[in-house]
Amino acid sequence: IKLVMAVIRPDKLAEVKRGLAEVGAPSLTVTNVSGRGSQPAKKGQWRGEEYTVDLHQKVKIECIVADIPAEDVVDAIREAAHTGEPGDGKIFVLPVEAAVQVRTGKEGMTAV
Amino acid sequence: IKLVMAVIRPDKLAEVKRGLAEVGAPSLTVTNVSGRGSQPAKKGQWRGEEYTVDLHQKVKIECIVADIPAEDVVDAIREAAHTGEPGDGKIFVLPVEAAVQVRTGKEGMTAV
Amino acid sequence: IKLVMAVIRPDKLAEVKRGLAEVGAPSLTVTNVSGRGSQPAKKGQWRGEEYTVDLHQKVKIECIVADIPAEDVVDAIREAAHTGEPGDGKIFVLPVEAAVQVRTGKEGMTAV
Ligand SMILES: Nc1ncnc2c1ncn2[C@@H]1O[C@H](COP(=O)(O)OP(=O)(O)OP(=O)(O)O)[C@@H](O)[C@H]1O
Ligand SMILES: Nc1ncnc2c1ncn2[C@@H]1O[C@H](COP(=O)(O)OP(=O)(O)OP(=O)(O)O)[C@@H](O)[C@H]1O
Ligand SMILES: Nc1ncnc2c1ncn2[C@@H]1O[C@H](COP(=O)(O)OP(=O)(O)OP(=O)(O)O)[C@@H](O)[C@H]1O
Ligand SMILES: [Mg+2]
Ligand SMILES: [Mg+2]
Ligand SMILES: [Mg+2]
Numbered sequence: 002i003k004l005v006m007a008v009i010r011p012d013k014l015a016e017v018k019r020g021l022a023e024v025g026a027p028s029l030t031v032t033n034v035s036g037r038g039s040q041p042a043k044k045g046q047w048r049g050e051e052y053t054v055d056l057h058q059k060v061k062i063e064c065i066v067a068d069i070p071a072e073d074v075v076d077a078i079r080e081a082a083h084t085g086e087p088g089d090g091k092i093f094v095l096p097v098e099a100a101v102q103v104r105t106g107k108e109g110m111t112a113v
Numbered sequence: 002i003k004l005v006m007a008v009i010r011p012d013k014l015a016e017v018k019r020g021l022a023e024v025g026a027p028s029l030t031v032t033n034v035s036g037r038g039s040q041p042a043k044k045g046q047w048r049g050e051e052y053t054v055d056l057h058q059k060v061k062i063e064c065i066v067a068d069i070p071a072e073d074v075v076d077a078i079r080e081a082a083h084t085g086e087p088g089d090g091k092i093f094v095l096p097v098e099a100a101v102q103v104r105t106g107k108e109g110m111t112a113v
Numbered sequence: 002i003k004l005v006m007a008v009i010r011p012d013k014l015a016e017v018k019r020g021l022a023e024v025g026a027p028s029l030t031v032t033n034v035s036g037r038g039s040q041p042a043k044k045g046q047w048r049g050e051e052y053t054v055d056l057h058q059k060v061k062i063e064c065i066v067a068d069i070p071a072e073d074v075v076d077a078i079r080e081a082a083h084t085g086e087p088g089d090g091k092i093f094v095l096p097v098e099a100a101v102q103v104r105t106g107k108e109g110m111t112a113v
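Quick mapping for you: the protein sequence lines, in order, are chains A, B and C. Its first residue numbered 2, the first sequence is counted upward by one per residue in the working numbering. Its first residue numbered 2, the second sequence is counted upward by one per residue in the working numbering. Its first residue numbered 2, the third sequence is counted upward by one per residue in the working numbering.
Hints are computed from structural coordinates only; laboratory data are not their basis. All clues given are correct.
20 Å max Cα-Cα, derived EDC-like pairs, lysine to aspartate or glutamate:
id, chain 1, residue 1, chain 2, residue 2
1, C, K18, C, E72
2, B, K107, C, D73
3, C, K107, A, D89
4, B, K61, B, E86
5, B, K61, A, E108
What follows is a list of derived Cβ distance ranges for each label pair:
id, chain 1, residue 1, chain 2, residue 2, range
6, A, G109, B, G85, 16 to 26 Å
7, A, P96, C, D68, 16 to 26 Å
8, B, D76, A, W47, 47 to 57 Å
9, A, W47, C, E51, 41 to 51 Å
Sample of chain C residues facing chain A (criterion: CB under 8 Å; computed from the structure):
id, residue
10, E98
11, V101
12, V103
13, R104
14, A112
Backbone N, C-alpha and C define an ideal beta-carbon position, used for all residues, glycine too.
Isolated chain A, as found in the complex (with noise of 0.2 Å):
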């Protein structure tokens, strides 16, 4: 079992949700967040005054996933998430040792 956690943009949501619906893993979790990446802090005007602004709104996706190889929802996430411009965000697998359902009480694999 793994976790695939993405950062991506807000308006690429519709679209990644569609990517993982057609490669069998509809199931996810969404937050929003907002971070930065390696681009420097862009700078911007505010009734004269200069601001900066170093963290941009993003949307954390976390999917779950077993029956399902990772690398073909981080391949499915990061199709639909592309535009090609700075900030397009970033995918991250990590291990899950354990996973429960909570209405059935299923346990492992079958949980997910």
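Starting from the known structure of chain A, fit chains B and C with the ligands onto it as the hints suggest.
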């Protein structure tokens, strides 16, 4: 050290907090999230227009535990979060390699 | 590759971001969360009614690091987030098995 991560119904949070305290694991971090499991999207009507609710409001809780077995924490959450209806949520366990308490600088199991 | 996850005081975020940039790990993802550690719930009064504040506003930061040792990142966060008062927060390190940068398709340590 383990991270027990659960996505539950928002209106079960109080009961889950009580269950965790009773099992000796009161510490937790709570995040407002939305998500979907394996159930099909729900259709609704608004001013004559049909729309699809495909992300449901949920609460994510994260409990890092060291001295209490992760299984006991999982069981406490499962019992407190259970209604028997679809949408009750999922619980996952991830490995944690290190922990530090910021105030004291304590490390490892005593930091959790 | 490691995930350094920290839950800190919201008013320490700017200092922590500075500390991370200084240690060469500027990338991070920030989430508004609430939580409780081991301290007892705080009692308050509102219009004559007593109530209990048992979840405190915190900020969760997640830094995935590859070329910088996780320990250095942990130390940078610990120093920047420290006040010495209860509630300063916790830092955890989790293993990460894979990373992909969406824009370039880069994988592994160079993707972080
Ligand atoms: N190493 C990291 N740790 C934690 N979060 C990260 C990391 N790298 C990126 N993120 C998250 O992903 C978001 C998008 O990152 P971004 O796509 O800008 O990465 P990048 O490395 O700067 O790539 P690009 O050059 O394409 O912009 C960030 O705002 C942040 O929330
Ligand atoms: N595999 C998963 N990956 C990430 N998040 C998940 C996963 N499964 C469930 N979730 C999260 O848990 C929430 C509740 O899931 P839910 O209880 O509906 O799961 P389910 O498998 O559909 O079970 P049920 O048949 O009892 O509804 C979802 O809204 C989502 O946020
Ligand atoms: N074991 C844990 N699991 C999950 N989240 C935790 C855990 N411990 C602390 N946290 C998160 O960190 C926040 C701050 O914790 P806090 O600093 O109060 O920890 P503490 O152990 O009580 O230390 P102190 O005695 O210095 O207050 C909590 O509100 C919670 O969000
Ligand atoms: Mg960038
Ligand atoms: Mg469901
Ligand atoms: Mg405390």
